[in-house]
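Kindly generate the complete structure, drawing on both the sequences and the hints.
Here the protein sequences come in this chain order: A and B. Using my numbering, the first residue of the first sequence is number 0, and each one after it goes up by one. Using my numbering, the first residue of the second sequence is number 226, and each one after it goes up by one.
Worth double-checking, as some hints may not be accurate.
[Stated by the list, open to error] FRET-style restraints, in silico, Cβ to Cβ:
| no. | chain 1 | residue 1 | chain 2 | residue 2 | range |
| --- | --- | --- | --- | --- | --- |
| 1 | B | L340 | A | I52 | 47 to 55 Å |
| 2 | A | T108 | B | Q279 | 35 to 43 Å |
| 3 | B | Q279 | A | M28 | 18 to 26 Å |
| 4 | B | S230 | A | G82 | 38 to 46 Å |
| 5 | A | E14 | B | K296 | 46 to 54 Å |
| 6 | A | G82 | B | D232 | 22 to 30 Å |
| 7 | A | Q13 | B | S298 | 20 to 28 Å |
| 8 | A | S7 | B | G228 | 28 to 36 Å |
| 9 | A | L10 | B | T263 | 15 to 23 Å |
[Stated by the list, open to error] Derived list of chain B stretches under chain A, where covered just means 3 residues or more per stretch with a C-beta under 8 Å from a C-beta of chain A:
| no. | stretch |
| --- | --- |
| 10 | 267 to 280 |
| 11 | 329 to 339 |
Hints listed in this document are in silico derivations from the structure and should not be mistaken for laboratory results. For each residue, glycine too, the CB sits at the ideal point set by N, CA and C.
Here is how the chains run, residue by residue.
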Amino acid sequence: DQQVKQNSPSLSVQEGRISILNCDYTNSMFDYFLWYKKYPAEGPTFLISISSIKDKNEDGRFTVFLNKSAKHLSLHIVPSQPGDSAVYFCAAISTGANNLFFGTGTRLTVIP
Amino acid sequence: DTGVSQDPRHKITKRGQNVTFRCDPISEHNRLYWYRQTLGQGPEFLTYFQNEAQLEKSRLLSDRFSAERPKGSFSTLEIQRTEQGDSAMYLCASSSTSGWDNEQFFGPGTRLTVL
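Have a look at this one:
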């Protein structure tokens, strides 16, 4: 049972435009959400996170939005750069739990 | 480099053989996790250590799998009698209780191919 879903396996965006990556979850106990970025032959690298007490968290070009009622979060990258091309994983966890639940990933390609 | 390291990076073995992977976490991290990632999927949790104690195991961790963290530092993951279905990327992560509780730092992974 996939508790975290990323329904878009791939996304292509022109350099300088906005990239929007989406993630849905089903478990209402999740209260902390993370985005990881993964390059080939490397492990996932932490990018940005958000607690369920917030609906937005911003870090430079990266912003994560959380809509708890819809059980939906999104990652916005503005402006997109070719170096952002990677696979992005959404992950979720409950307070007190130890394991992250990951989505299946979205491959972002930023076209120069 | 003070990140999480894993060894080997690649392992090819024949079905039925035993394999062992090693993970060295970030030195001040007392929490260590193993995940498995198959093609087209996100990482899936296998097991969790706090210091040397193995506190949680996923149902994905069959009795052919065993993990240890004997001194609360590095960890090993052993797979006995490997099967072709064990072919995957095995990822190790670590975290600190004093930092963001849920921010796990991942190593580069060990890619296992079972022939």
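Hint by hint, work out which the structure violates, then give me just those numbers in ascending order.
-> 4, 7
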